[in-house]
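Add chain C to chain B, keeping to what the hints say.
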Amino acid sequence: MKLSLTQQALLLCAVTLLTSGIALIWFGTDARALVVAVTVSVAMAAFGVRILFSTTRALADLRHRIDKVAQGNYDVITPVHGIGEIEKLVDAFNIMAFRLKYQERNLKHRAYQAAVLKEISERITASLDESEAVEIIAGSLGKIVPYSIVSYLTLKGGDASLLKCHVEESVSKAFAEETKRIMFRAFAALGNGALAEEQIEKTICFGAFFDEEAKGPVRSHFTLPVSVNGTLTGIITVASATPNLYKEEEVGILYAVAEQAGATISKTKALIAEESNKTHSMLSSINDGLIMVTTGQKISIINTKAKAIIGIPHNDNPSLLDVIQALYGTFDFRGATDRVLASKQLESFPEFMAENRVYKISANPVKEKDGDIVGVVFVFSDVTKEKEVDRMKTEFISITSHQLRTPLSSMKWFLEMLINKDAGELPQKAQGIVNDIYNSNERIITLVNDLLDVSRIEAGKMQNEPTPTNLIEFFKSMLPEAEQQFKKRGQTFEFRRPDTLPRVMADPKLVWQVVGNLLSNASKYTPEGGKISLDLSFRDDAALLTVADNGYGIPEFQQHRIFEKFFRADNTAKMEGTGLGMHIAQQITEAMGGKLWFESTEGKGTAFYLSLPVNGIKKQEKAVRAPAKNDILPII
Amino acid sequence: MHMAGKHSCVYNEGMAKKKKSVLIIEDEPAQIHALEKTFQKEGYAVHTAANGQEGFEKAKTETPAIIILDIIMPVMNGIAALEKINGDDATKNIPVIVLTNFALYEKIHQFMDPAKDHFLTKINTPLKDIVLKVNTLLS
Numbered sequence: 002m003k004l005s006l007t008q009q010a011l012l013l014c015a016v017t018l019l020t021s022g023i024a025l026i027w028f029g030t031d032a033r034a035l036v037v038a039v040t041v042s043v044a045m046a047a048f049g050v051r052i053l054f055s056t057t058r059a060l061a062d063l064r065h066r067i068d069k070v071a072q073g074n075y076d077v078i079t080p081v082h083g084i085g086e087i088e089k090l091v092d093a094f095n096i097m098a099f100r101l102k103y104q105e106r107n108l109k110h111r112a113y114q115a116a117v118l119k120e121i122s123e124r125i126t127a128s129l130d131e132s133e134a135v136e137i138i139a140g141s142l143g144k145i146v147p148y149s150i151v152s153y154l155t156l157k158g159g160d161a162s163l164l165k166c167h168v169e170e171s172v173s174k175a176f177a178e179e180t181k182r183i184m185f186r187a188f189a190a191l192g193n194g195a196l197a198e199e200q201i202e203k204t205i206c207f208g209a210f211f212d213e214e215a216k217g218p219v220r221s222h223f224t225l226p227v228s229v230n231g232t233l234t235g236i237i238t239v240a241s242a243t244p245n246l247y248k249e250e251e252v253g254i255l256y257a258v259a260e261q262a263g264a265t266i267s268k269t270k271a272l273i274a275e276e277s278n279k280t281h282s283m284l285s286s287i288n289d290g291l292i293m294v295t296t297g298q299k300i301s302i303i304n305t306k307a308k309a310i311i312g313i314p315h316n317d318n319p320s321l322l323d324v325i326q327a328l329y330g331t332f333d334f335r336g337a338t339d340r341v342l343a344s345k346q347l348e349s350f351p352e353f354m355a356e357n358r359v360y361k362i363s364a365n366p367v368k369e370k371d372g373d374i375v376g377v378v379f380v381f382s383d384v385t386k387e388k389e390v391d392r393m394k395t396e397f398i399s400i401t402s403h404q405l406r407t408p409l410s411s412m413k414w415f416l417e418m419l420i421n422k423d424a425g426e427l428p429q430k431a432q433g434i435v436n437d438i439y440n441s442n443e444r445i446i447t448l449v450n451d452l453l454d455v456s457r458i459e460a461g462k463m464q465n466e467p468t469p470t471n472l473i474e475f476f477k478s479m480l481p482e483a484e485q486q487f488k489k490r491g492q493t494f495e496f497r498r499p500d501t502l503p504r505v506m507a508d509p510k511l512v513w514q515v516v517g518n519l520l521s522n523a524s525k526y527t528p529e530g531g532k533i534s535l536d537l538s539f540r541d542d543a544a545l546l547t548v549a550d551n552g553y554g555i556p557e558f559q560q561h562r563i564f565e566k567f568f569r570a571d572n573t574a575k576m577e578g579t580g581l582g583m584h585i586a587q588q589i590t591e592a593m594g595g596k597l598w599f600e601s602t603e604g605k606g607t608a609f610y611l612s613l614p615v616n617g618i619k620k621q622e623k624a625v626r627a628p629a630k631n632d633i634l635p636i637i
Numbered sequence: 019m020h021m022a023g024k025h026s027c028v029y030n031e032g033m034a035k036k037k038k039s040v041l042i043i044e045d046e047p048a049q050i051h052a053l054e055k056t057f058q059k060e061g062y063a064v065h066t067a068a069n070g071q072e073g074f075e076k077a078k079t080e081t082p083a084i085i086i087l088d089i090i091m092p093v094m095n096g097i098a099a100l101e102k103i104n105g106d107d108a109t110k111n112i113p114v115i116v117l118t119n120f121a122l123y124e125k126i127h128q129f130m131d132p133a134k135d136h137f138l139t140k141i142n143t144p145l146k147d148i149v150l151k152v153n154t155l156l157s
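In the order they appear, the protein sequences are chains B and C. The end of the first sequence is residue 637 by this note's numbering, with every number in the run present. The end of the second sequence is residue 157 by this note's numbering, with every number in the run present.
Chain B on its own, in the form it takes in the complex (with noise of 0.2 Å):
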């Protein structure tokens, strides 16, 4: 039996009285009962040191154990023998801190689940795949809860081809076997029908080895199915040959996490498939062609439209390869999908036609955020209705060029010969018909040839071919003609320029039509006896070409009006002329990559300014396919 401390200090004095009080009755006042109550004095307390000494020993280790447990070293589970009281705070402060330590072990373990749930959860919302969701889950159980064996099997559309297993610590077939039947027997409860064996196409086990002589049955499992959009995707079930393994709490958060992860790529995948399929509706919707090559020569977009204009089923997932042998023979779309990613800009190709079609084929680069090419973007336009208006302009050109201007050509040359007295002298009177006439003709051949000029500019078919040109020595040779014009209408003509003007690209033709019909107009409308002069100066890299009269000038409420096409202004009514002159001018200017202004007066006159930059304009391309002799002319 223990006595407390003040059980023992109580005892302590007890003792000492009584002892003394004996050797005072018994001995008196003799000297014996003193010395008996001293020595008993003495005893005691020496007694009393002891206890003194080991109490505070206690308290110390007591002391020495709460610092360790308030660092966190919970191992402190000696028994401490002491005195009472003290032992049994000892006692207590033992339990305490066995408790703390089973508890810390308990949040420790807790926050590794929380943490390997949470890696589960993010790489599954990171893959969005059903078969890779069930991989994760089933690779990081053993992170989890410990087993022996886990198996899973991945189903798509109601088959299940392929059955893995992890075997953990060694088992044999047999244990195996039972986990797969564990597997079917609650995927038949999860009522999705039975699943056979012969369903299950391979069976794939890694892992440790089995080992027949390994531990017995399976004594405690739990199975995981994970649901897609409601429909079984998987199902793992993970056995352990140690009973009483798995609690109802750590199978109840591995149950959460499967079913979170199958909700979350429900979610996700319906949010891309609404996506998806707004992007679809609008591929499908558009009237282009509309092909992505992937860097990976991958074709990650192609429209229905695309399809119909290649050949390839409206079903079909063509693959690059597809595309390539659609295309074969009219297309080369490998070497132009290189020769974007080469060039990392907008390529244009060769029309091509396709159903008695025709197709303008464009290619942009595609870039992402940063600025790194990940594909190529392929655009097929119909455009047969545009090719078709062309043909059509063309054929207009062609036939009015040809109809039109023959039989004018033939009275120019049949005029010509009467009044070169071909046909004999013809009388006075007849002379001045003739020339009438010829005069009447050239207005009709002017008209004509106007018209041309206009449907050939409309038609895209003006010939534009830039030289490097002496623009000084070009108008000493062109100007001698138009300066007969002035002449004859008693006009002066000044020709102003820099002794050197650097080349101007430009095709020499073209600036004569233009600067000859500003000049031939300058006289036109310029009364006779009138000043008109041409300068040539040179500014921010463009010849400026200034035509200058002190004319009728044009009425400021009509100068918006004066390169529109047949305008006339009100003060030259009367005089020749088809309205169209200016807008050739402007529109062949525009063709040179110049510029054409002017300021005028009404009654002083007209300065009109032509700027021909002095790199020009890059030739127009020319078509890619040569044409045929035959098909471009009709045989009249």
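Simulated from the structure, these hints should not be mistaken for lab results. Among the clues, some could well be false.
[What the hints assert, rightly or not] Below, computed lysine-lysine pairings styled on BS3-like, alpha-carbon distance capped at 25 Å:
#, chain 1, residue 1, chain 2, residue 2
1, C, LYS125, C, LYS59
2, B, LYS525, B, LYS422
3, B, LYS270, B, LYS248
4, B, LYS422, C, LYS146
5, B, LYS477, B, LYS596
6, B, LYS279, B, LYS248
7, C, LYS55, B, LYS510
8, B, LYS422, C, LYS55
9, C, LYS151, B, LYS510
10, B, LYS477, C, LYS151
11, C, LYS78, B, LYS422
12, B, LYS299, B, LYS345
[What the hints assert, rightly or not] Incomplete in silico selection of chain B near chain C, CB under 8 Å:
#, residue
13, THR407
14, SER410
15, MET418
16, ILE458
17, LYS462
18, GLN464
Since we're looking at a predicted model, the values are computed, not measured. We put the CB at the ideal spot given by N, CA and C, even for glycine.
Structure of chain C alone, referenced to chain B:
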């Protein structure tokens, strides 16, 4: 120079020098007439052909000093004829003046030999200028 054809022999009668010959390939009778009269008046021996095919054959047999070629013609158009003339050893050195009202010049230009061939638009060229061009080229 190659012997001129039998027509030119008629005009050659009594002349010491053989005439230079012009081959006019043109389908429009009125224009053949105008050109033929004009060149005869200028002292040329004139051969005519009514289409490209006939013109190419005459170019080979007659080897004219110069050819005046229309473009829009039946049987064989002027572009095909031009290609044949410029592709045949017997005719490829004969200068050709394409004389036409057909306005799609670029289609013609690519078949012309810039070293010897020329282009004139009928409607913008008086007969005297055609003669002038031929005279210049042959002088």
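| field | Violations among the numbered hints | value | 1, 2, 3, 6, 7, 11 and 16
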